[in-house]
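Novice: As a plain string of letters, each chain reads:
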Amino acid sequence: MKVESLVPRSGEADLSAVLKQVGRASSPPPFSEAAVDFCAAFATRLGRDPQARRYPELTALAFWIRRAELERLRREFAALENDSLLRAPRGLVFHVPPGNVDTMFVYSWLLGLLCGNRNIIRLSRNRDEPVEILCRIAGEALAEADPLLQAGNAVVSYAHEAEINAALSAACDTRVVWGGDSTVALFRHFPLAPHGTEIVFPDRFSFAALRAEAVLALDEAALAQLAEQFYNDAYWFHQLGCSSPRLAVWVGTADACRAAGDRFFPAVAETVRRKHYELPAAARMRRFTFECESILDRPVAGRRDLGRELACLRLETLEDFSREHCGGGLFWEYFAEHLGEIETMLDRRDQTLTHFGFPADELRAAARAWNGRGLDRIVPVGRALQFDRYWDGMDLFAALTRCVAVQS
Amino acid sequence: MTFEQLLELPVYGVPQADKDRILTAELNELTAHHRAHCEPYARLLAQLAPGDADANAPWETPYLPVGLFKSHALASVPPEDVQLVMTSSGTTGQQVSRIFLDKETARRQTLALSRIMQQVLGPDRLPMLVIDARETLADRRNLSARGVGVLGMMNFGRQHLFALDAQMALKLDELKAFLAQHGDKPFLLFGFTFMVWKYLYEPIREMGLDLSQGVLIHSGGWKKLQEQAVGNAEFKAALRQACGLRRVHNFYGMVEQVGSVFLEGDDGHLHPPSFSDVIIRHPETWEVLGPGEKGLIQVVSALPRSYPGHSILTEDLGVVHAVDSPEVERMGKAFEVIGRLPRAELRGCSDTHAFGSAR
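Top line first, the protein sequences correspond to chains V and Y. Position 120, counted from 1, in the first sequence is what the working numbering calls 120; the numbers after and before it change by one each time, with no gaps. Position 77, counted from 1, in the second sequence is what the working numbering calls 77; the numbers after and before it change by one each time, with no gaps.
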């Protein structure tokens, strides 16, 4: 079985040779100097690369793995261990990143690597420029890294050939599957080793809750700042990231909610214009068609049309709320009197709640009350896409390591 | 203006300013009619164009996306009045548009189409070659777009010959007999652009048949032929050379607005008839564009009464080349269809490509 090797070398490779090499390499301990140095070198190269600097998502990635952040992660990891409990790598981790969020494979890979694992990352045959840039820079950084890391990491590409998926699934200790329901379902056909574990990232839905009075109280500068943070959350991935907000719940009296929306969304649209966000023509067409379908099929009570940049449909009720969405700048709006009101609509697909204007204890109390229904992250507006070790309800440090109990 | 009066207007003789004024009134009347008789349409309008204010110009008429006729059944007549449900062509698995016609709208379409075709065919019915198979018309209550087109055009001919068999092979002996009988006087040919090319032109290109008295009307789009680098100019040149066929008229139309087709004039451009028009909009901002600017095509028509399809935003791209051009005898717009909006995949976390995926 042949695969295309991208890192450490580019060219055709034999899968069994890759498996033999990565499989037999030894695992460094979690957060080894070698691993931290490699990530930091990766970040530095990424930050300096003129090609990479054209893509804001690559800059964000470089920021996430800068040395100071790595040191912080190292301390967080150390807190998982104590005198009678060590954390050891799972071993070989097989990563299946999403085909269409370019940077995700690096987050997945580096988390695995920092935890001490050996890694094989599968990329699709269709790769955009950012992915090619990342592979090039990863290759350069790895060439100067500890030989242990060079032997224990490989990025390969193949066209979902079943036998390759099967071989890698059987050989790995942990399989990490991104890419939503369809990819998760696809990989469920390929058995893991009996001890193998799996981390899956199915389709998710995310939304924002904003306290109307708090938005109304903002001065112009603060409003523009909030709008920009909301823009970053929603528009980076055309609103199709699993954490991108698609629904805005206004909390307050109906009048305050309406007034806040009237103030907030034009500010967001203005940001969208200023950032020269490009929505493909066909995507706007699809959005308009989806809007019309929604007006006929859902309890739509109002619409905001802010042109190419943004449209809102206000829902009268969130009962039986369908999470189907077209992306590209369409927001559901809902007016709630209290934050607690959304409890009945929550479901397990709900991932991130971005919030504005609520006191911390109200958020914690709400999270406690929503116990078990849904929502894995409750973060301020502007941080929806900020990747973290806690993701989709899991601690990825914990999921990518084993507990070794040591009693003396 | 009654429909009959509207139909009396010279098909290509109304200056654009007059036409805008006439169409505005017709379209406002239709908007009110559909609002009153199609509950889903009324609900759409309440959100898309709140307030019942009339449009001041054709381009202010609220429009529906063409795709909505695929997902929803939109009719302004009770089910018992529906005489015919037309469906758009679509490959297997694709959703197709469903257009509901009552007697009155079907009648309007027939009359309108006939006014347009008279402009190039003259008042008499001509002997007619249909570049298609009789089997296309098998199910008359559920006609495909191709079937609708063939059936609609057959009104303008007599002594019809279906030139293809069910396997799309040219019935050469019958074609030769047809030509022997009718080939020395004007006769009509109709077919879909790609089929004319593939199943008529290609088989006869070396045969030296004489089709010089023919008038070919064809439609259906250039996508398949563009893959072979055949555009309108190449198409016409090839037919002229192979069989002397000189009078060739393409038209642009869609199942969502049957009857108000845009027929190619001698200038090689398409022309809206007096009772319909095209409006070009910026592909992203959807602002109305002037001549020379490429954009999305919106079609408006005074014909549809049994379904709310009098103003539709299509997914086709086009450009208006001239308005009330003195160089051609036709008033109004002269335009060209450039193609379809390129498909776009928005990228997100889920590998089921977001557009079209249901989640």
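Honestly, I wouldn't trust all of these hints.
As the list claims (entries may be wrong) - Calculated Cβ distances over 12 Å to all of chain V for the following chain Y residues:
hint, residue
1, L68
2, H72
3, L341
To be verified - Here are the simulated SDA-like pairs of lysine to any residue, each with C-alpha atoms no more than 25 Å apart in a straight line:
hint, chain 1, residue 1, chain 2, residue 2
4, Y, K223, V, K275
5, Y, K224, V, A282
6, Y, K70, V, R53
7, Y, K70, V, D14
8, Y, K176, Y, R141
9, Y, K224, V, P299
10, Y, K294, V, T289
11, Y, K70, V, P194
12, Y, K294, V, P299
13, V, K2, V, D14
14, Y, K70, V, K275
15, Y, K236, Y, E284
16, Y, K294, V, R298
17, V, K275, Y, P283
18, Y, K70, V, R303
19, Y, K223, V, T289
20, Y, K198, Y, Q159
21, V, K275, Y, K236
22, Y, K70, V, R273
23, Y, K70, V, A282
24, V, K275, Y, D184
25, Y, K70, V, L315
26, Y, K294, V, L306
27, Y, K70, V, F321
28, Y, K70, V, E293
29, Y, K223, Y, F194
30, Y, K70, V, D376
31, Y, K70, V, K2
32, Y, K70, V, P299
33, V, K275, Y, S88
34, Y, K294, V, F321
35, Y, K294, V, I295
36, Y, K236, Y, A322
Simulated from the structure, these hints should not be mistaken for laboratory data. Please read all numbers here as calculations on a predicted model, not as lab measurements. Here a beta-carbon is modelled for each residue, glycine too, at the ideal position from N, C-alpha and C.
Novice: So, against the hints stated earlier in the document, which numbers end up violated here?
Specialist: As far as the earlier hints go, 1, 2, 3, 4, 6, 7, 8, 9, 11, 12, 14, 15, 16, 21, 22, 24, 30, 31, 33, 34 and 35 are violated by this structure, in ascending order.
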